[in-house]
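Construct the entire structure; sequences and hints are all you get.
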Amino acid sequence: MAMKLILSDRPFHIPIKNVDSIKFIDLSSLEIANCVGCFGCWTKTPGKCVIRDDAVKIYPDIAKSDTLLYISRLKYGGYDTVMKTMLERAIPVQQAFLRILNGEIHHVQREVVPKKATIIAYGAMDREERDVFEHLVERNAYNMNFESYQVIFSEESQLEETVKNEVKKWEKS
Amino acid sequence: MGKIIILNGSPRAPKSNSRRYAEIFVQHCSCENEYFNILKTNHHELCSRLSGFTDLLFVFPLYADGIPVTLLNFLKTLEQNPPRNKPVVSILINCGFLEYRQNDTAVKMIELFCKQNGYRLGSVLKIGSGESILDTPFRLLAVRQIKKLSASITKAKYRVLQTTMPLTPNMFVKASTSYWINYGKKNGITKEQMESMEIES
Numbered sequence: 003m004a005m006k007l008i009l010s011d012r013p014f015h016i017p018i019k020n021v022d023s024i025k026f027i028d029l030s031s032l033e034i035a036n037c038v039g040c041f042g043c044w045t046k047t048p049g050k051c052v053i054r055d056d057a058v059k060i061y062p063d064i065a066k067s068d069t070l071l072y073i074s075r076l077k078y079g080g081y082d083t084v085m086k087t088m089l090e091r092a093i094p095v096q097q098a099f100l101r102i103l104n105g106e107i108h109h110v111q112r113e114v115v116p117k118k119a120t121i122i123a124y125g126a127m128d129r130e131e132r133d134v135f136e137h138l139v140e141r142n143a144y145n146m147n148f149e150s151y152q153v154i155f156s157e158e159s160q161l162e163e164t165v166k167n168e169v170k171k172w173e174k175s
Numbered sequence: 660m661g662k663i664i665i666l667n668g669s670p671r672a673p674k675s676n677s678r679r680y681a682e683i684f685v686q687h688c689s690c691e692n693e694y695f696n697i698l699k700t701n702h703h704e705l706c707s708r709l710s711g712f713t714d715l716l717f718v719f720p721l722y723a724d725g726i727p728v729t730l731l732n733f734l735k736t737l738e739q740n741p742p743r744n745k746p747v748v749s750i751l752i753n754c755g756f757l758e759y760r761q762n763d764t765a766v767k768m769i770e771l772f773c774k775q776n777g778y779r780l781g782s783v784l785k786i787g788s789g790e791s792i793l794d795t796p797f798r799l800l801a802v803r804q805i806k807k808l809s810a811s812i813t814k815a816k817y818r819v820l821q822t823t824m825p826l827t828p829n830m831f832v833k834a835s836t837s838y839w840i841n842y843g844k845k846n847g848i849t850k851e852q853m854e855s856m857e858i859e860s
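Top to bottom, those sequences are chains R and U.
Residue numbers for the first sequence, in this note's numbering: 3 to 175.
Residue numbers for the second sequence, in this note's numbering: 660 to 860.
No wet-lab data here; the hints were simulated from the structure.
Hints are supplied without guarantee of correctness; some may be wrong.
What the hints assert, rightly or not - Partner residues aside, some chain U positions facing chain R, computed with beta carbon under 10 Å:
| id | residue |
| --- | --- |
| 1 | Arg671 |
| 2 | Pro727 |
| 3 | Val728 |
| 4 | Lys774 |
| 5 | Phe831 |
| 6 | Tyr838 |
| 7 | Tyr842 |
| 8 | Gly847 |
Quick reminder that beta carbons are idealized off the backbone N, C-alpha and C, glycines included.
Listed below in C-alpha cells is the structure:
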C-alpha cells in the first residue's frame, strides 16, 4: 500500500491523526553514514546498501511512498548535510543501468512509486540561493520519480507552522 | 607563476575517477601543485594550507544531482576557517550521464559558496560520461580538456570547458549497459540480478 512520508532534518511536534498512512521520520535522530560510492547496491547486493545502518530502513519507505514531504535547511543552494546524506544513501532504489527519459540519460528505477513531492526549505540567504535550489529539485524530479513537486521556502521562525499547514492539507485529501 | 592546491571531494577519493582526473591534471600542469583527498579528519589541516596557494581546484563527482556530502561538509568547515589569502576556486566535475550539463546545478552550488564567502570563481570543466570515458578511446577528449583546464588556471585566463563521449543517447545507453554488466560480473552478479526491482527485501 502506498504511503505518505515526511522526512525532516529536525524534530517537530506535529499532531498527525492518520498515523497508519502518514509516517514522520526525524533524520537528525538516526545514525546515517555517508555513502562511500562503492556501487555495492548496484553491483554486489542489488537493491541493498552494504552499510547496514538506519538508512536501510528509510530508502524502502521513500520508494513506497506516493506523497512525500522533505523538510531541510539549505546550504549553498542545496540540501544541508542531514538531508543530503540520506538522499545520497537512497541510491539502492535505482539500478546501475541507464535509460533515456525526456531526451536525457537517467538511471532505471527499481520499484519506486511515482510521487507527489513537497519540499519545505528553510535558511535560504537570498533569491539566488532559492533559484539554485529550485534547479536542484527540478533535477531531483527526474532521478527520484517525482511526477509533480512544489518547493516552499520558509523562514526558520515560521517552519513549524508551514509544516503543520502542509500536513493538514494531506489529512484533508 | 601560481601554485595550485587540488582537493578531491569524492566520497571514495583514493579509488575514485576524480583521482584519475586529478592525476591527468597534475601530469599536464606546468606550475607547482599539491594534491589532497578530502577526508572527514583533515578539514582543518586543509583549510590552514590554503593561504599558500593562488588557486584551488575542486575535483569531484556529481552526487544525487548536487555536490557530494564529503565536499559540502568541507565547504562548511572552510566557511568557518577562511584562509588569510583566498585562492581562486576552479572546478573539475564529472557525472556518469552522457550530458555534461547535468553537472550545472553542482557548479552553481560552488559558485554560490564562492559568492557568499568572497572567493573568485576561476575555470570550470564539466565532464559527461565521466564514469567510463577514461577507459574508452574517447579518453583523449577528456585529456585534451583537462590540459586546457590546466593551462587556463596556470595563466589565470579562466574559462568554462566541457566534454563527453560523442555518442547518441541510444548508443551511450547500450555501451553503459555493457559496462555495468561487466562490473557486476566481476562480483559474480548477473545482469538479471542487477535488474532486480526489489529494494531491501
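Here is what the structure says about each hint:
Hint status for Arg671(U): holds, given a least beta-carbon distance of 4 Å to chain R, under 10 Å. Checking Pro727(U) against chain R by beta carbon gives a least distance of about 7 Å; that is within 10 Å, so the hint holds. Among the interface hints, the one on Val728(U) holds; its C-beta lies about 5 Å from the nearest C-beta in chain R, closer than the 10 Å criterion. This hint holds: Lys774(U) has a C-beta 7 Å from the nearest C-beta of chain R, less than the 10 Å allowed.
Interface restraint check: Phe831(U) against chain R, minimum CB-CB distance 6 Å, threshold 10 Å, status holds. A distance limit of 10 Å between C-beta atoms decides the matter here; for Tyr838(U) the minimum to chain R is near 9 Å, and the interface restraint holds. Interface restraint check: Tyr842(U) against chain R, minimum CB-CB distance 5 Å, threshold 10 Å, status holds. Taken as an interface hint, Gly847(U) checks out: its beta carbon lies about 9 Å from the nearest beta carbon of chain R, inside 10 Å.
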